[in-house]
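Trainee: Starting from the given sequences, assemble the full structure and let the hints guide the process.
Positions 1 to 138 (full-length UniProt numbering) are the ones given, in order, by the sequence shown.
Honestly, I wouldn't trust all of these hints.
Claimed, not checked - Distance condition first, Cα-Cα at most 30 Å in a straight line; then the derived DSS-like pairs of lysine-lysine:
no.	residue 1	residue 2
1	K84	K95
2	K25	K35
3	K59	K35
4	K25	K84
5	K95	K59
6	K84	K35
7	K25	K95
8	K95	K35
These are computed hints drawn from the structure, not numbers from a lab.
Everything numeric in this text was worked out from a predicted model, so none of it was measured.
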Amino acid sequence: MGYTLYEVVDILYQRLQTILVGPTKPTGQIYPDGKRPLNSTAEDVVINSLALNEEQVQKGVLNVNVYALNLNHDNSLPNGIRLKQFAALLRPGLKEFWAPDGSYTFFLEQQNQYEEPGINQHYLNFRIRFHSLNLNSN
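Mentor: Rendered as structure tokens:
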């Protein structure tokens with residue numbers, strides 16, 4: 001069975017809801033449509049998709065970005081403490097997970113930290129791979 005892009009994003013969204021718990025969770029919302037509110041200062045989580053093929057082995061690439069205000073709320077240093085907490089919270093749950101029936105898998109390909117110019121924030125990026133056997137591809 002093949003998956004649509006929206007189904008894959010929804011699966012990842014549901015996974016994030018189960019792992020983003022506890023005292024170190026981000027203070028913002030999870031946004032599955034690739035964007036967050038303009039000028040948000042919350043610790044938002046944004047899912048965006050880069051590609052999803054329609055081959056027999058269906059493969060996709062998604063990003064999960066977690067934002068944190070810079071220290072002093074200016075354009076200086078990133079808030080390393082919060083970004084490290086996000087990495088510790090998210091990495092185990094994103095490293096690799098399978099559908100209960102084994103029909104798909106997600107796995108963490110890489111992590112990076114980026115500056116978000118102009119809004120005094122940095123974000124932690126998780127690049128996620130999706131694989132599924134698409135028996136209906138023709």
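Trainee: Quick check: which numbered hints come out false for this structure?
Mentor: none
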